[in-house]
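J.: These are the residues of each chain, in order.
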Amino acid sequence: MQAIGVLVGLATGVLSGFGIGGGSLLILYLTSFGGMAQLQAAGINLLYFIVCAPSALVSHVKNKLVDGKSALICAAAGVVTGIAASLLALHLDLSLVRRAFGVFLLYIGARELLCKTPPEEKKDKPAAPGSEPDRGSGRPAP
Amino acid sequence: MKKNVKLAITGALAGTANGFFGAGGGMFLVPLFTKWLGMEQKTAFATSVAVILPLSVVSAVVYFCQGGLDFLGAWPYLLGGLAGGIISGRVFKKMPVTWLRRIFGALILYGGIRAVLLL
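Chains A and B, in that order, are what the protein sequence lines are.
Per numbering that gives the first Met the number 0, residue 0 is the first one in the first sequence, and the count goes up by one each step.
Per numbering that gives the first Met the number 0, residue 0 is the first one in the second sequence, and the count goes up by one each step.
Some hints here could point you the wrong way.
Derived DMTMM-like pairs (lysine to aspartate or glutamate); straight-line CA-CA distance at most 25 Å [as the list claims (entries may be wrong)]:
#	chain 1	residue 1	chain 2	residue 2
1	B	Lys1	B	Glu39
2	B	Lys93	B	Glu39
3	A	Lys63	B	Glu39
4	B	Lys2	B	Glu39
5	A	Lys68	B	Glu39
6	A	Lys115	B	Asp69
7	B	Lys5	B	Glu39
8	A	Lys61	B	Glu39
These aren't lab readings, by the way, just hints derived from the structure by calculation.
Here the structure is a predicted model, which is why all the values come from computation and not from measurement.
Can you make the complete structure from the sequences, with help from the hints?
T.: Okay, here's the thing in structure tokens:
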């Protein structure tokens, strides 16, 4: 059972590294096959992210891929709503939280299923090292 | 709209999803960063990790204070996840990510239907 857990963690970890929502998949696995309640699974996924993300983040920072100022503003706003939403989830009826998660998954699933090959898969030019990304350059959406 | 306002709204949405579902912050952050804020895909992905990490920490603290964290049940997944992160960095360029996303989408849709029906 625990060996299967390690394998599932491995698979979702690889997906997360690709920017595919490994976390949602892990929660689905835990609730569908791991016999866990929605919030227990959500808590495990939070721990999972806290353990697995730092190593990736360090390499992103080294590669100068993180827009620090934007991250700071986003995180400041997100911390407030994050605390409120966590408290809400812990106090609402469990089946309501699970249904809401289901609706969220339907949206994400449809979006990912219909995804197109991203345009930047054409060779992107290497950015000049150390050059600060132009803030709000108004690049049109692809 | 001012860029900082857009960033705050984006972060607020991510915090809501991450706190309520324990996942999914990146599902909001990456598309909003690229399409609304004009970030490069790679920057958007890397920056989303930098945002979700502190969000996950505060949510985990709230869950913990309310007795909702299962450390014993978590360790196999944490162990696998650590290894998965390392592997993913090495094989990133060789993977057909678009197809992986579609397979993932199909799995998630199936799970979503189950969750809505409380199965």
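J.: Taking the hints in turn, state whether each one holds.
T.: Hint check results:
no., hint, result
1, Lys1/B x Glu39/B, "holds (19 Å)"
2, Lys93/B x Glu39/B, "holds (21 Å)"
3, Lys63/A x Glu39/B, "holds (12 Å)"
4, Lys2/B x Glu39/B, "holds (15 Å)"
5, Lys68/A x Glu39/B, "holds (15 Å)"
6, Lys115/A x Asp69/B, "violated (38 Å)"
7, Lys5/B x Glu39/B, "holds (16 Å)"
8, Lys61/A x Glu39/B, "holds (17 Å)"
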